[in-house]
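Protein sequence lines, in the order shown, are assigned to chains L and S.
With positions in the first sequence counted from 1, the corresponding number in this note's numbering is that position plus 9.
With positions in the second sequence counted from 1, the corresponding number in this note's numbering is that position plus 38.
Treat the hints as calculated values from the structure; they're not laboratory data.
Be aware that one or more of the hints could be misleading.
[What the hints assert, rightly or not] Now the stretches of chain S that chain L is said to cover, found in silico as 3 or more residues with beta-carbon under 8 angstroms: (1) 213–227; (2) 274–281.
[To be verified] Below 30 angstroms or equal to it, Euclidean Cα-Cα: the simulated DSS-like pairs (lysine-lysine) are: (3) S/Lys224 / L/Lys194; (4) L/Lys282 / L/Lys237; (5) L/Lys391 / L/Lys276; (6) S/Lys217 / L/Lys194; (7) L/Lys289 / S/Lys217; (8) L/Lys385 / L/Lys313; (9) L/Lys237 / L/Lys151; (10) L/Lys240 / L/Lys194; (11) S/Lys217 / L/Lys375; (12) L/Lys276 / L/Lys329; (13) L/Lys282 / L/Lys299; (14) L/Lys363 / S/Lys224; (15) L/Lys391 / L/Lys299; (16) L/Lys240 / L/Lys151; (17) S/Lys217 / L/Lys282; (18) L/Lys363 / S/Lys217.
[What the hints assert, rightly or not] Partner residues aside, some chain L positions facing chain S, computed with beta carbon under 8 angstroms: (19) Gly112; (20) Arg142; (21) Glu143; (22) His144; (23) Leu187; (24) Ala190; (25) Lys191; (26) Lys194; (27) Gly195; (28) Arg355; (29) Arg356; (30) His357; (31) Pro359.
Glycine is no exception: its CB is placed at the ideal position from the N, C-alpha and C atoms.
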Amino acid sequence: MTGRLLARIVLLPLLSCTLLLGGCWDRNEINDLAIVLATGVDWTDGEVELAAQIFVPRGGAGEGGAPAESASGVTLIRTAQGTTIAEALNRLQRQVSREMFWGHCEVIVISEEAGQQGLREYIDFFLRYPQFREHAYVFSSKGKAKELLALLDPLERNSAESLREMAILGLGARVTVLDLAKGIKGPSETVILSRLLVSPSTHTEQSSIVNSPTVNGLSLYNRGYYVKTVKEPLSLGVLMLANELNNIILQVEVAGIPGIFSVRPHKIEARLKPAIREDKWSMTINIETKGEVVLNTTNASLAKQQVMAAVEQAWEEEMKLLAEQAIQLAQDELHADLFQFAVKFRRHYPRQWKAQEAQWDDIFSKLEVQVTAHAKITGSGKSTTPQGIPGSENK
Amino acid sequence: MLTDQGKISSVQLAYMMIPAILATSILSIPSLSVQYAGHDMWMTPLLGSLAGLMSIGVAMGLQRLYPGHTLIQVCNAIFGRYIGSVLGFVFLFYLPHLTGLVIQVYGNFIISNALPNTPLIVIMGSMVLVCAINVRLGIEVVGRTSQVFVTVFFVLLGLTFVLLIRELDPAELLPFMEKGFPSIAKGSLAPAAWFSEYIMLAFLLPFINDHSHTAKTLLGSWLLVVIAMIITNLFCLLLMGDLTDSFTFPVMIAARYITIADFMQHIEAVIIAIWIFGIFVKISVFLYVFVSSTAEWIGLKDYRPLVFPASALCMGYAYWVTTGRQGADSLIRASSNIYTLMFLLVIPAALYGIAGLKRMWGNIRKGAKGGSA
Chain L
10 MTGRLLARIV LLPLLSCTLL LGGCWDRNEI NDLAIVLATG VDWTDGEVEL
60 AAQIFVPRGG AGEGGAPAES ASGVTLIRTA QGTTIAEALN RLQRQVSREM
110 FWGHCEVIVI SEEAGQQGLR EYIDFFLRYP QFREHAYVFS SKGKAKELLA
160 LLDPLERNSA ESLREMAILG LGARVTVLDL AKGIKGPSET VILSRLLVSP
210 STHTEQSSIV NSPTVNGLSL YNRGYYVKTV KEPLSLGVLM LANELNNIIL
260 QVEVAGIPGI FSVRPHKIEA RLKPAIREDK WSMTINIETK GEVVLNTTNA
310 SLAKQQVMAA VEQAWEEEMK LLAEQAIQLA QDELHADLFQ FAVKFRRHYP
360 RQWKAQEAQW DDIFSKLEVQ VTAHAKITGS GKSTTPQGIP GSENK
Chain S
39 MLTDQGKISS VQLAYMMIPA ILATSILSIP SLSVQYAGHD MWMTPLLGSL
89 AGLMSIGVAM GLQRLYPGHT LIQVCNAIFG RYIGSVLGFV FLFYLPHLTG
139 LVIQVYGNFI ISNALPNTPL IVIMGSMVLV CAINVRLGIE VVGRTSQVFV
189 TVFFVLLGLT FVLLIRELDP AELLPFMEKG FPSIAKGSLA PAAWFSEYIM
239 LAFLLPFIND HSHTAKTLLG SWLLVVIAMI ITNLFCLLLM GDLTDSFTFP
289 VMIAARYITI ADFMQHIEAV IIAIWIFGIF VKISVFLYVF VSSTAEWIGL
339 KDYRPLVFPA SALCMGYAYW VTTGRQGADS LIRASSNIYT LMFLLVIPAA
389 LYGIAGLKRM WGNIRKGAKG GSA
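So here's chain L without its partners, still in its complex pose (with noise of 0.2 angstroms):
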């Protein structure tokens, strides 16, 4: 009986203590938080410097009627410089009156001029100071990644969003940092970034900022160093080996008929079959397509069997091409494993793969490839024969 007493004289200073103890003690408020949007990461004067596009919240604007969306003046960018990104972070914080939050940070983009250093660093950080998220897109730029940053994307809320829709739409390769790790460490040891750049000025726009990101081509990462750019039409050839050629208009050219046929994919895969016969180690690429026409300047009808076909099959001969050039790209100039061959034959041959996996390099750049292409069109359009050609009525 007396212990329970006792128990209830201890407790019930205790329990009371808790309405008074809300838990505010170390409160960490939306409003003592800097959002951070998007991280770029730039190599100025030897050391890393890092960029952080914040969002700025409006003042005010909360209650009442909140003025609409636009894109001027929602967000800032603040820079810093450091030995290491680690301490460009630290040292960009100085410049924060408020605790930065990178939980946010969607997309990081990452210059060419920095990835010339390596990439580890930044993967390590990346994956390693507790808020980044393995989600985050990364990007390239051509110049330095801040002045992509400091975009205002007049279409979107802020240049972070217009490069993460970007990224959804599937304009350029989509690697996240988790890809990025994978894509580094895996056995290939390469990577395959959408290079930004900031698209050349329109006269009409007030400010050089108020301007939108434009995916223009490819950086190429081989071990963890950018090797090189490529741009149309090799990078087509690049992606479409990487399985992430999406949203694309080709034009295809029909030998013996004058004009251009131009072709929507809805589909581009690339399969890749590895296979070691006798020693002898090959690369069988087949590209499956299917696609419609979106435009036709030629005279022929699409409604005829004969002209399909002819246009199958030279779409059929571009795409192998495309795919013979990104492949000479990789084995002869490069000598870089882009497609990720490596792992393919790791996952098939895993035997011979652990047997050989030093000679690798040497395996990779005398590699028999092989591509077959097969094209299909779904479809010629709204349309079947030419339009548009005047007085063909009344031939």
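Using the hints provided, position chain S relative to the given structure of chain L.
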């Protein structure tokens, strides 16, 4: 003579055992098993689960030989008072060690993932306090809370995994058998150590009030744990591939990776919630076993007065077992798995063997007597 008059159903017992295995394993097993077994790590729970089957078998067997006896009482029954007490003490020595480790892993996880500024003692202390209250209220309450929490545990875990499906790459299953069978066996040691925690049944089976379906129900719980563990491993592997072992808590990374329709993201808090539900049941079960065994060992009629002192002891162990995360890591890695397996599988199995032999010997003697008479 049990120190708690409460009774639970075999279904409740099955529920209690699920997070007792899964709660800590879903965080640690993926990265531990991928280290050894590589891309075949999804198989390791299959192999490891055999230890679980053996533990269940030993517990059920002991229960058959000595109905209504907990493991501590079985020791006494087999070896008599003195040697039995020494053997019982071995378990009393090991149980707070294990419980302390679980508490410590919990504290470190919460600190590194949710509450970096909160003192460790507050995080661990509050959890242990709640578990101690749970334990003090008796086995019936422990059983019922686990029924509720385990349901939530599975719903949330299932939800997390369903949301991840589209990020997975099934090709990561290859290369198959890259490192060969010995590596898979080595990788299975960690799941085996976790599965051997099923030996807690030897302490809890006497509290069951429906003995008819026990075996079937327990096998059901075992199967559920195996499946959940394989699925967890598969999701980590198919998402992260070779990177799985470079993360401390791969499941957290997986949950952080979820992004659906722009608004379903940052749901790693769900994993923390799952973990807290699971760990609550796990610590409660272990604490209960520890407290009730101690009471039996000392010879108390009621285990309740021991709950808070024992909890305090476990808190102490939480600090003593390791120093920091590296220490905790080494305690759940290969060699220490053997340590765990020894206490949770080898010793009980040896007990069962001796008990069986003794019974056989007794029968032979009885038979001989009967024959001569």
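Here is how each hint holds up against the structure:
1. 213–227: holds (count 4)
2. 274–281: n = 5 at 8 angstroms, threshold three: holds.
3. S/Lys224 / L/Lys194: holds (24 angstroms)
4. L/Lys282 / L/Lys237: This hinted pair holds, its Cα atoms lying about 26 angstroms apart.
5. L/Lys391 / L/Lys276: Holds: L/Lys391 and L/Lys276 sit about 19 angstroms apart, inside 30 angstroms.
6. S/Lys217 / L/Lys194: Status holds; Cα separation ~18 angstroms.
7. L/Lys289 / S/Lys217: Holds: L/Lys289 and S/Lys217 sit about 23 angstroms apart, inside 30 angstroms.
8. L/Lys385 / L/Lys313: With Cα atoms ~15 angstroms apart, L/Lys385 and L/Lys313 stay inside 30 angstroms; holds.
9. L/Lys237 / L/Lys151: Holds, because 11 angstroms separates the two Cα atoms, which is no more than 30 angstroms.
10. L/Lys240 / L/Lys194: Holds, because 26 angstroms separates the two Cα atoms, which is no more than 30 angstroms.
11. S/Lys217 / L/Lys375: Judged against 30 angstroms, a Cα distance of about 27 angstroms means the pair holds.
12. L/Lys276 / L/Lys329: holds (16 angstroms)
13. L/Lys282 / L/Lys299: holds (20 angstroms)
14. L/Lys363 / S/Lys224: holds (20 angstroms)
15. L/Lys391 / L/Lys299: holds (17 angstroms)
16. L/Lys240 / L/Lys151: holds (12 angstroms)
17. S/Lys217 / L/Lys282: holds (22 angstroms)
18. L/Lys363 / S/Lys217: holds (10 angstroms)
19. Gly112: With a closest approach of 7 angstroms, the L/Gly112 hint holds.
20. Arg142: holds (6 angstroms)
21. Glu143: holds (5 angstroms)
22. His144: holds (5 angstroms)
23. Leu187: Holds. Min distance 7 angstroms.
24. Ala190: Status holds, d = 6 angstroms.
25. Lys191: Since chain S brings a Cβ to about 6 angstroms from L/Lys191, closer than 8 angstroms, the hint holds.
26. Lys194: Holds: closest Cβ of chain S sits about 6 angstroms from L/Lys194, inside 8 angstroms.
27. Gly195: holds (6 angstroms)
28. Arg355: Hint holds; L/Arg355 Cβ to chain S Cβ min 6 angstroms, cut 8 angstroms.
29. Arg356: holds (4 angstroms)
30. His357: It holds, given that the least Cβ distance between L/His357 and chain S is near 7 angstroms, below 8 angstroms.
31. Pro359: holds (4 angstroms)
In summary, the structure agrees with every hint in the numbered list given earlier.
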